[in-house]
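Enquirer: So the protein lines, in turn, are chains A and B. Take 1 as the starting number for the first sequence in this note's numbering and just add one per residue. Take 463 as the starting number for the second sequence in this note's numbering and just add one per residue.
In case anyone wonders, no lab produced these hints; they're calculated from the structure. All clues given are correct.
Here are the simulated SDA-like cross-link-like pairs (lysine to any residue), alpha carbons at most 25 Å apart as the crow flies:
| no. | chain 1 | residue 1 | chain 2 | residue 2 |
| --- | --- | --- | --- | --- |
| 1 | A | Lys249 | B | Asp797 |
| 2 | B | Lys711 | A | Arg254 |
| 3 | A | Lys89 | A | Thr452 |
| 4 | B | Lys711 | A | Gly286 |
| 5 | B | Lys789 | B | Asp569 |
2 protein chains.
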Amino acid sequence: MDVTSKLQASPPQTGAEAPPLTRELARFTAQHPSGAWDAATEQAALRTILNWLGCAIGAALHPAVDAAVAAMLDLDPPASVTILGRREKMDAASAALVNGISSHVFDYDDTHPTTLIHPSGPVVAAALAVAERYDLSGRALVDAVVLGVDVACRAGLLVCPEHYDRGWHVTGSAGVLGAAAAVARLLEMDTQTTTMALGLAASQPIGLREQFGSMAKPFHPGAAARAGITSALLARRGFTAAATALEGKRGYARVLSDRQHWGRALSGLGERFEIVANTFKPYACGLVIHPCIDACLTLRAQHSLQPADIASVALRVHPLVLELTGKTQPRTGLDGKFSVFHACAAALVRGAAGIAEFQQEAVEQPEVVALRGRISATAEDGLPHEAAHATIVCKDGRSFSHRVDHALGSLERPMSDHDLDAKFAALVEPVLGTDKAAHLQQSCWSLAEARTLAPFLGQARP
Amino acid sequence: MDVTSKLQASPPQTGAEAPPLTRELARFTAQHPSGAWDAATEQAALRTILNWLGCAIGAALHPAVDAAVAAMLDLDPPASVTILGRREKMDAASAALVNGISSHVFDYDDTHPTTLIHPSGPVVAAALAVAERYDLSGRALVDAVVLGVDVACRAGLLVCPEHYDRGWHVTGSAGVLGAAAAVARLLEMDTQTTTMALGLAASQPIGLREQFGSMAKPFHPGAAARAGITSALLARRGFTAAATALEGKRGYARVLSDRQHWGRALSGLGERFEIVANTFKPYACGLVIHPCIDACLTLRAQHSLQPADIASVALRVHPLVLELTGKTQPRTGLDGKFSVFHACAAALVRGAAGIAEFQQEAVEQPEVVALRGRISATAEDGLPHEAAHATIVCKDGRSFSHRVDHALGSLERPMSDHDLDAKFAALVEPVLGTDKAAHLQQSCWSLAEARTLAPFLGQARP
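One chain only, chain A, in its complex shape:
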């Protein structure tokens, strides 16, 4: 999805001298005062944590998570840290690996639109595991998430879009720095020690885009979370790294990207927090087809359309939509995510495009299959990739059109807190039941006041 990156329009600052990035980001991580940001930033952190938690618990019984849990148990870990949505416990690093995997399995987590990083996977997975391990406060956790997400996104801003275009899954390759920063903050490491932690993290960029479509994609945020924890723990015990690991001649920015954007990485540091720009998905599939789904759901609601009423659906889409999601005959749930035809049919039939709509059952549902065959899509070069247009013609001759310029969940049209609550409930209730899901959701919104995370995490297990 190279073209979806918003960075391509802004000029790179190559040729400029590299600033002491590793140390500056470390100083920020170590020294920025607790909670010293506006209410929108604080709320963005809670939204990020809630959304991440829902995704992780919702996928807790997925085969990828089963495999990861079994593999980590092969190492006989101690039962210290919670695996979300499951009974097993393990050491903090392994738990972060597993929770980072589960949170990205459904591809339903958050997105920092400018870099395409899914920041909570690496950052919250690492921070939550370490906060539980050392019995730290909710306030410390929220601080670590704000600062860790900031470092991850700034590492991404430093090297994207060229880094992503080269083939890196930036969620893991930049996320590892955010994870290390979050853990360094939680463990109250000073600037020098945090510099070493970021240095060690820079040597462990995780994730190739070749893996998209396999379990290795969600492995990336999990592995980044674990590598971030290791980096911080090692540094805390005196392990060293290059203090120029990010900006040096053979460092992260130059080795991992064909261009370096030095200015972006530090611009507004400590004043503007990237977590404010974090977005959440209302639909459980790739962002590229969200505008189409959004248009169909809007028409369905506005005109109380029933599937049987619909004669045809004509979509006008950005060319990338057909390139990436042009499957006309999806056979599996995963196929369904790569079929704009299935996504729109399921949305029109079921009034939603959540996890359930991309399961085998939904892909085979006769009403969905029937409607799918009546949907057409035309690529339109002039259309922005955030936009889509749908025209629905009814069997009775009525015709309705709707254009979406920005889908629900975009930075321009964010999901409301209420939307996020509903998404959380839909993910968590099937795994933990209604009561626990409700309790957990409530505790999450007041997480910053929690003196200890134990009661909160107690609700996150079956």
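Fit chain B to the known structure of chain A by using the hints.
Expert: Only chain B this time, still in chain A's reference frame:
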């Protein structure tokens, strides 16, 4: 040391279509019969293991290893697998991390000259930890080392020298594939499962050259060992990855290197084993000054020279020697490794250039300091980088010259088994004492016959 890579002369095979590398290497790893190679290959494996073990035990009390042990113990691991040269035990993945670190701390381990990979760090560390965890045989371990080293070096051949020149520390970034292969072999994984293990490993390339000079350098083989173990364990439990992770459009070879050498990676697979080309260092410093040390030690022995006899030493060296090791006033042991003047002075005074000669004490030794001031070096453009020339003028007017074309420890003049035994003893005796060192050495040469590794590893702890 870009110019020391022997790959630069051979033409890359770009433009050629990518073969199914991931699967071919997996098939080889899973299916090559046990011990199906010549005696030289088998002996190379035992030499590799012995040399690696000595390096790891010799550095067991180094501050980097103290820090790594303390950090991993922070996770409360089970006491299942040996930390070489120490009393602590931990889970197999953490033990592999620590043993991989200690084995590279002194920069005294092995080198595959064509790729500059130090293959035993990632491969033997991973294989030994898993073999102990699952109580496997010495035969299985030796097989895993031969095959794992082969996969690591072939991954390096695929992307070097461009990959190394870009700034990757290929020991970690290709080593992770060898570690995963070794563990997959030990756990008797089939071709398909091994393909997944290599796929997961390809997403975890570890190591930037910016780290050279810090503890993060030896962290790279350790982290690669651990990542290799994780990859294999996950795959064994059903976790998936792209089967084209190495050769695909957004895969390892294209993302991590500006050129791909497809043909090299598979050439002679199963017939020729890269471990035969593995070399071992007689001197505890960078390879670039080995020819100078060798020339000085040769003259010292041939003419029974005493330091007090020597009026001056004139070296003629490849330009890189002065560029990389031109420090005239070293102050620390580490400085000493970057001073051809110190290395040659210490060798002439003490008759050796082992670990002891690059400690603070040797750098400050009055006789060494005095002789250091009487050594000069001239860069000579025409000289091959493997060569050096030394002329020693004595106070009594005698003058002796010697030219080295290939230093001891090179592929052309390998260390003998006896040399390796002496190196092993010098490393291990200070940590474990003479008896254990001798027993361990003996057991190592007959490792392939060991039904279990427990007695062997029992000797590797204080």
